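Trainee: One letter stands for each residue in the lines below.
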Amino acid sequence: MSKLNKSSSELDLDRPNIEDYLPSGSLQDSHPKLRLRDLLDISPTLTEAAGAIVDDSFTRCFKSNPPEPWNWNVYLFPLWCLGVVVRYGVLFPLRAIVLTTGWIIFLSCYFPVHFLLKGHDKLRKRLERSLVELICSFFVASWTGVVRYHGPRPSMRPKQVFVANHTSMIDFIILEQMTAFAVIMQKHPGWVGLLQSTILESLGCIWFNRSESKDREIVARKLREHVNGADNNPLLIFPEGTCVNNHYTVMFKKGAFELGCTVCPIAIKYNKIFVDAFWNSRKQSFRTHVLQLMTSLAVVCDV
Amino acid sequence: MGSASSVLTQYDIEEVEEHCDHLFTQQEIVSLYERFCQLDKNAKGFISADEFLSVPEFALNPLSHRLLKMVDGLNFKDFVAFLSAFSSKATLPQKIEIIFKVYDTDCDGKVTFSDLIEVLHDLTGPFMSDKQRAEVLSQLLHEAGYTRESSLLFDDFIKILDSPGLKMEVEVPVD
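Residue numbers (full-length UniProt numbering), protein chains in the order written: chain B, 1 to 303; chain G, 1 to 175.
The reader is advised that the hints may include incorrect statements.
Calculated cross-link-like contacts (lysine-lysine; reagent style BS3-like; alpha-carbon spacing at most 30 Å) [what the hints assert, rightly or not]:
#, chain 1, residue 1, chain 2, residue 2
1, G, Lys-101, B, Lys-33
2, G, Lys-41, B, Lys-63
3, G, Lys-131, G, Lys-69
4, G, Lys-44, B, Lys-33
5, G, Lys-41, B, Lys-254
6, B, Lys-33, G, Lys-110
7, G, Lys-110, B, Lys-272
8, G, Lys-110, G, Lys-159
9, B, Lys-253, G, Lys-167
10, B, Lys-33, G, Lys-69
11, G, Lys-69, G, Lys-159
12, G, Lys-69, G, Lys-110
13, G, Lys-131, G, Lys-110
It should be emphasised that the hints constitute simulated quantities derived from the structure, not laboratory data.
Fair warning: this is a prediction, and the values are worked out from it, not measured in the lab.
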């Protein structure tokens, strides 16, 4: 036993040694005697493992709690029915019209500006930015979004990056409405990808591809170039990397914080009474998510 | 929801309750079912190894791969039966049985010196050398009346571990 004590004192004091496996009561003794029982007892470790199987804090971040149904009583049910009629029959068509009008205006202004003002970069960029902010306002109006912005608005300065929590793709739209940010996002296929490569490209958005291994270095370089440029749009990054349920945040990925510039945080909190804006991409497609938003009474959030 | 029905009927709950010897209450079984469906992402009716390992707190655990062998691919009924050893109502021998199975990697009912060294290695990793582990273990076995060559059986484990303070319980969150 004495030979063993000598070798344990050689180990770094911070590191756990055999003494850590002893039950806490016996730590009061100056020289606790290690027994076979203490070595064999792996119950604390197994308890932790089983505890993680039964419930873990990471999965809880992605759980969307269904709203409690409140319409099951004889007074409230007709009210709820009326609400459904209003939402689907009146609000939804109105909103769809608003959105379509918005798109028509946007597209009819954007393409001429983009092509005709090819030479006048500064003016073109300014117009494109205003147009993107406009279409995002239309989007927000199409779900009757009531957004309260707090704090100073972002300014166009080099060496700053904005980070925000991520609940749904609409986070981006809500923020874009206020300032035309350049975002870093995953390149999507389909019509979203088309939007990305035409309109968002002009804002200075950066794409990444999760499946390519070299991609990370290329993206890091592009990010650094972007923040250093004085007249690039302010850069927005969602450091969680995925959509979280707006009750918790998950661990931030370090990419946004290694760029050597000021980090300005933005917090987006949705009011769940009106609609749960969490986009559980495993459960809903984006189209279903947007339809759900458009048929609810309002989307209320604080930024 | 695929092969597993998305709704757990009262009959199912009672059957599972029966199967785990009433070590979990019905509400706990319903909570466990929600958890099971949460982990079983494509509703196959069982949870695969990588779905378990997608839980960061589980993947970090040094003994997770050993538990994984016991819990990989179980259907809901057997999943609950496995976890029932961690219920507060489970008896000491039931808990010791899980510990024994974790040590007995080849499932031959005997835990040898090398089995013990392997688990000790999982737990202590780089903080002890192989020589130190072998030394400690030999010393302790000797003090307890065994030798390096002896194989421990389940009854030996009960004898060694049967003392107050073996707490191995998880609480099932009931909403």
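Trainee: Give a verdict on every hint.
Mentor: Hints versus structure:
no. : hint                  : result
1   : G/Lys-101 / B/Lys-33  : holds, 27 Å
2   : G/Lys-41 / B/Lys-63   : holds, 13 Å
3   : G/Lys-131 / G/Lys-69  : holds, 28 Å
4   : G/Lys-44 / B/Lys-33   : violated, 49 Å
5   : G/Lys-41 / B/Lys-254  : holds, 28 Å
6   : B/Lys-33 / G/Lys-110  : holds, 27 Å
7   : G/Lys-110 / B/Lys-272 : violated, 56 Å
8   : G/Lys-110 / G/Lys-159 : holds, 15 Å
9   : B/Lys-253 / G/Lys-167 : violated, 37 Å
10  : B/Lys-33 / G/Lys-69   : violated, 34 Å
11  : G/Lys-69 / G/Lys-159  : holds, 26 Å
12  : G/Lys-69 / G/Lys-110  : holds, 18 Å
13  : G/Lys-131 / G/Lys-110 : holds, 23 Å
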